[in-house]
Amino acid sequence: MGLYILCSIIFLLGVYAVTAKKNLVKIVIGLSILEYAANLLLILIGYRTNGEAPIITPASQETARFVDPIPQALIVTSIVIGLGVTAMVIALCIRLYEKYGTFDVLVIKRLRG
Amino acid sequence: MLILIYLLLLFMIVGSIIAIETRDLLSSVIAVGAIGLGLAIVFLLLGAPDLAIVQVVVEVLSLALMLRLVVMREDVTIAHRYRYGEVFATATALVFFGVFIVLASVAFKQMPRFGQPVLKVSQHYITNGFRESGAPNIVTAVLLDYRAYDTLGEATVIFTSIVGALAILRKKGRIRHERNEPDR
Amino acid sequence: MKGMSLIVKTITRLITGFIFVYGVSIVLYGHLTPGGGFAGGVILACGLILLVLAFGKETALNIVSEKAASAWDCVAALLFLFIALLGFTGGYFFRNFMNKGKPFHLISAGIPLWCNIAIGIKVGACLFLVFVVLAGFRMRDEG
Chain R
49 MGLYILCSII FLLGVYAVTA KKNLVKIVIG LSILEYAANL LLILIGYRTN
99 GEAPIITPAS QETARFVDPI PQALIVTSIV IGLGVTAMVI ALCIRLYEKY
149 GTFDVLVIKR LRG
Chain F
534 MLILIYLLLL FMIVGSIIAI ETRDLLSSVI AVGAIGLGLA IVFLLLGAPD
584 LAIVQVVVEV LSLALMLRLV VMREDVTIAH RYRYGEVFAT ATALVFFGVF
634 IVLASVAFKQ MPRFGQPVLK VSQHYITNGF RESGAPNIVT AVLLDYRAYD
684 TLGEATVIFT SIVGALAILR KKGRIRHERN EPDR
Chain L
150 MKGMSLIVKT ITRLITGFIF VYGVSIVLYG HLTPGGGFAG GVILACGLIL
200 LVLAFGKETA LNIVSEKAAS AWDCVAALLF LFIALLGFTG GYFFRNFMNK
250 GKPFHLISAG IPLWCNIAIG IKVGACLFLV FVVLAGFRMR DEG
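Respectively, the protein sequence lines represent chains R, F and L. Sequential numbering of the first sequence, starting at 49, is according to our numbering. Sequential numbering of the second sequence, starting at 534, is according to our numbering. Sequential numbering of the third sequence, starting at 150, is according to our numbering.
Not one of these hints is a red herring.
Calculated pairs, DSS-like style, for lysine-lysine (alpha carbon to alpha carbon, straight line, at most 30 Å): (1) R:Lys147 - L:Lys151; (2) F:Lys653 - L:Lys249; (3) L:Lys206 - R:Lys147; (4) R:Lys147 - R:Lys70.
One side only, chain L facing chain R, incomplete, derived with CB under 7 Å: (5) Phe187; (6) Phe253; (7) Val279.
Calculated directly from the structure, the hints in this document are not laboratory data. Keep in mind the model is a prediction, meaning the values are calculated, not measured. Even for Gly, the Cβ is constructed at its ideal location relative to N, Cα and C.
Just need the whole structure built from these sequences, with the hints factored in.
Following this line, the structure appears as structure tokens:
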């Protein structure tokens, strides 16, 4: 249970970075931290005590101690999608820097026609 | 071995605090890299070698992208002035975190205990996966044989996000913008 | 974008071949050992990105141009879809219609092998393309 609480603390740090920081790069960093925490929580749920990786070897074909393979398959997908989203957000940051000359959110927020 | 996972999670928390609070942007990007590597070791200890490989290489790639954003700039750090609104915002954030942790621990008590997962659907995949699909790696069998539709969706999402990133950085918009005066 | 010093260039010339072979091995053996299409594809992209970082953007684009990377990306995605549609020959979408073969051999398990190859090429070309476009971004006072 303590591991779940630590994982949610990492999640909350990510939320704090996305909502309360004024620098665009810090917001991107917070997005990455959010993603790590979410993936970690799902893998923690599927763990079995003294379990093994779900790969069958020619030596032994017993499958009694495997950890859960479904969260692993879906989190592989999620990690690579997170990379795509990070690439797109960084492209947005580059465009914003070219147009406004700064990374400060308060300067960018003032809408000028 | 559980102690190792606890220590690595504490390392990740300390790394996140450093990454968020430090003023130098290069240091915070490097701290994010350290967090990602710690996460890969945690994946390895939790019995997911497939995930550890993907996490390490994706971490390296996203570090390369973020470093391209941060390096060789002068005016990227922002002067920090304390205002009344900011103290209030931080206090509100702390209260919200406290409420979230209390409610989350109530929710976590309802979940199965750590180390004893409920394997209703996975039991079928574990016992019959090798025989039905012929792949000894059960994670690949689930990804590409039982749930291949999700993999198709994932390839589509990657394609769309990369097309989006390329569309944002198109040459046409930039050249037309460079001809006008940059608005400050 | 300029390249790096002579030491980095020499080491890159020696190592890039090994990185490509490692990436291809992780893609091909994805159904026997941990790995698979996504991990191997990102490793292939990292090998190409090493070329961009060490030799500069223009030299790396002479080796693999932007049009070539974009073409590989689209062809691999369409190949993945084509393999999925071939499942209709058996009855339903994405059916594993190939012969299972002997277990623990390279060519076994039917669809996952070819799907891994298609996904590996797609992810590798895609991420290399996005890095080249993002790396071309110049600062206000850079040359």
